[in-house]
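Guided by the hints, dock chain B onto chain A, whose structure is given.
Taken in order, these protein sequences are the chains called A and B.
So for the first sequence, full-length UniProt numbering puts the first residue at 1; every next one is plus one.
So for the second sequence, full-length UniProt numbering puts the first residue at 1; every next one is plus one.
Simulated from the structure, these hints should not be mistaken for lab results.
In this text, a Cβ means the ideal position worked out from N, Cα and C, and glycines have one as well.
Certain hints may be false.
With a cut-off of at most 25 Å between alpha-carbon atoms, the simulated DMTMM-like pairs for lysine to aspartate or glutamate come out as follows [said to hold, decoys possible]:
1) B:K36 to A:D101
2) B:K25 to A:E60
3) B:K235 to B:E167
4) A:K43 to A:E53
Now the stretches of chain B that chain A is said to cover, found in silico as 3 or more residues with beta-carbon under 8 Å [what the hints assert, rightly or not]:
5) 16-24
6) 229-237
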Amino acid sequence: MWLPSYATPSERLSRILVVAFAVAVMLFLIAPLFIIVPLSFSKDPFFTLPVREYSLRWYEDLFGNPRWFEAMINSAVAAVLTTILATTLGTLAALGIARPDFPYRRAIMALLISPMIVPIVIVAVGSYLFFGEFGLTNTRAGLVLAHTALATPFVVITVTATLSTYDTNLTRAANSLGASGLSAFFRVTLPNILPGVISGAIFAFATSFDEVVVALFLTAAEQRTLPVQMFSGIRDQINPTIMAAATMLLILSILLFAALALLTRKKAR
Amino acid sequence: MNAMPADTFTTVRSEDALVRFSQVKKSYDGIHYVVKDLNLDVAKGEFLTMLGPSGSGKTTTLMMLGGFERPTLGQILLNGNPVERLPPERRNIGFVFQNYALFPHMTVAENVAFPLRYRGIRGAAAGAKVARALGRVGLEAMGDRRPAQLSGGQQQRVALARALVFEPSLVLMDEPLGALDKQLRERMQIEIKHLQTSLGITMVYVTHDQSEALTMSDRIAVFHDGRIQQLADPKTLYNAPENRFVAGFIGENNTMPCTFVGREAGLAVVRMADGATLRAADTLLSGGKAELSLSVRPENIGLASGQPNGPGNLFSGQVTDMFFLGDHMRLSVAAFGGQTVTARIPVGQVRGIAVGGTVHLACSPADCRLLED
Chain A
1 MWLPSYATPS
11 ERLSRILVVA
21 FAVAVMLFLI
31 APLFIIVPLS
41 FSKDPFFTLP
51 VREYSLRWYE
61 DLFGNPRWFE
71 AMINSAVAAV
81 LTTILATTLG
91 TLAALGIARP
101 DFPYRRAIMA
111 LLISPMIVPI
121 VIVAVGSYLF
131 FGEFGLTNTR
141 AGLVLAHTAL
151 ATPFVVITVT
161 ATLSTYDTNL
171 TRAANSLGAS
181 GLSAFFRVTL
191 PNILPGVISG
201 AIFAFATSFD
211 EVVVALFLTA
221 AEQRTLPVQM
231 FSGIRDQINP
241 TIMAAATMLL
251 ILSILLFAAL
261 ALLTRKKAR
Chain B
1 MNAMPADTFT
11 TVRSEDALVR
21 FSQVKKSYDG
31 IHYVVKDLNL
41 DVAKGEFLTM
51 LGPSGSGKTT
61 TLMMLGGFER
71 PTLGQILLNG
81 NPVERLPPER
91 RNIGFVFQNY
101 ALFPHMTVAE
111 NVAFPLRYRG
121 IRGAAAGAKV
131 ARALGRVGLE
141 AMGDRRPAQL
151 SGGQQQRVAL
161 ARALVFEPSL
171 VLMDEPLGAL
181 DKQLRERMQI
191 EIKHLQTSLG
201 ITMVYVTHDQ
211 SEALTMSDRI
221 AVFHDGRIQQ
231 LADPKTLYNA
241 PENRFVAGFI
251 GENNTMPCTF
261 VGREAGLAVV
271 RMADGATLRA
281 ADTLLSGGKA
291 ELSLSVRPEN
301 IGLASGQPNG
311 PGNLFSGQVT
321 DMFFLGDHMR
331 LSVAAFGGQT
341 VTARIPVGQV
351 RGIAVGGTVH
361 LACSPADCRL
371 LED
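Bound-form chain A, shown alone (with noise of 0.2 Å):
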């Protein structure tokens, strides 16, 4: 950030300019939630800026209405099975990809990284059409299912990333001290790619607790999960509980991404 002494004037001044942008972009991105916390703690049922005065009525209406607390509880739900899916699933993928006589391999990693590149909705139509046929539409198993398939990229990722630095001979040392494959995974390769399993399992946390749209076509009544019932609170009548209810997945998701931090710092020491 500071200059040296010796800095021309050209320097100082493009120095400056990087900095204002930079601020600029925070600014940009965080803008939003300037305007949704403070109107969640508002009185008022409609949505004025600056606030006049200040409730918790909306997070009563979150935490009390059964409507938002079941949408709560099945999100949370959702999200816990998809992730232990997921991350067992992405590891295994990670740990076959990473052998060296794994055949196919970029093919396979393209294959499985592609619920990240095709559009959302294509997945969420395909998804339901497909499901159909087995009657996993309409329950918490198909949804499930369905974000398992959006999430296991983000572990696959991060786990091979952890891969590409872990030492190989550690398994192999293990295996020679009399270490069979499972013993060898769980006390030696695990602890030691933990970091990357961890941060895998967030974003799964995460890819399931927002996600909408695959949410939308393959949920009822009874599997619908926040963002869902955000979605429809939205069309219908618009109520500050949103803004709640946004406030409380924004908590989570900075509480989600303190825990990458500290992960990732422990990591590096």
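Relative to chain A, chain B alone:
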């Protein structure tokens, strides 16, 4: 270069062999063989080094013995039982890796205790074994440290302690001292050798460092191009290399083309490129092929004036280079019609010799060896 002389293979009596490679071949792509037709016995209690340049097949051979690679063809016997399909965790072999492969998330003591758990040794018994193993390598006070808090030499010792703590009869080492500086490396060579003899373990050691191999080994197998070029004890290997590769790889050697002329008084007579005749030890197995190489070590060439009269080979050439190396001078001499001959001459004897001048050199026929390939 294909067939090994039969006598090197039978130096180990079969009942003493802990490890036997029998016609082992390894190929990763089905076309190129990294290891070609390997036959090798390792005796119980022996320190055997596999020495060779990178890509010679020595590490692949070690990995096959450790169970990390499967031979494409052939058999590996451990204590008389075939083990090609046995996974590493069931071979009970200690393995020390090039980069130590210590588990970074465990303390030193936990690293060393790791193999004991799989052998049903827990609690106080395991603690005692770990303490003794760490004591053996002089690290009894380091049990609570993490590997990252140790120096390279200390990490190497921990790896050694971990490979020895479960008392395997066979320990394999893959260039374990490669990352250490020269002084530490030489100290560790002696320590490893002491451990091996005092514990009576069999060790198979891979290195590309010939001085390391000569210092530590009972026998050395020189690998090149997927084959063992020579298998012998260090002295034999140094003094009597069997082919041009071994002569060039172990120590320094002058290797010059020559043709066989005949035999005389128990010595072989050869003609050099410029027509000069030299006598050499009759190391030829056959009646004598026409095209040969004569090899002689630089330290076995002296100044003609300093040599007593005898059946010595005398030759002369023009000095092209001279280097001062402390205890000796290193002379490069163009002789036999343009061949570069290197000689090590004690500093005190080098008087009146200058680059561009002519020098008269001598070597004993016993130090000149003939190589057929």
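Quick rundown of the hints versus the structure:
1. The suggested pairing of K36 (chain B) with D101 (chain A) holds, with an alpha-carbon distance near 22 Å, which does not exceed 25 Å.
2. With a C-alpha separation of about 75 Å, the suggested pair K25 (chain B) and E60 (chain A) falls outside the 25 Å cut-off, and the hint is violated.
3. Only pairs whose Cα atoms come within 25 Å are accepted, and K235 (chain B) paired with E167 (chain B) is rejected, the gap being roughly 30 Å.
4. For the proposed pair K43 (chain A) and E53 (chain A), the alpha carbon gap of about 5 Å is at most 25 Å, so the pair holds.
5. With a threshold of 8 Å between beta carbons, the proposed coverage of the segment 16-24 of chain B by chain A is violated, since 0 of its residues qualify and at least three are required.
6. Counting residues of the segment 229-237 of chain B whose CB lies closer than 8 Å to any CB of chain A gives 0, which falls below the minimum of 3, so the coverage claim is violated.
This entry does not satisfy hints 2, 3, 5, 6, going by the numbered hints stated previously.
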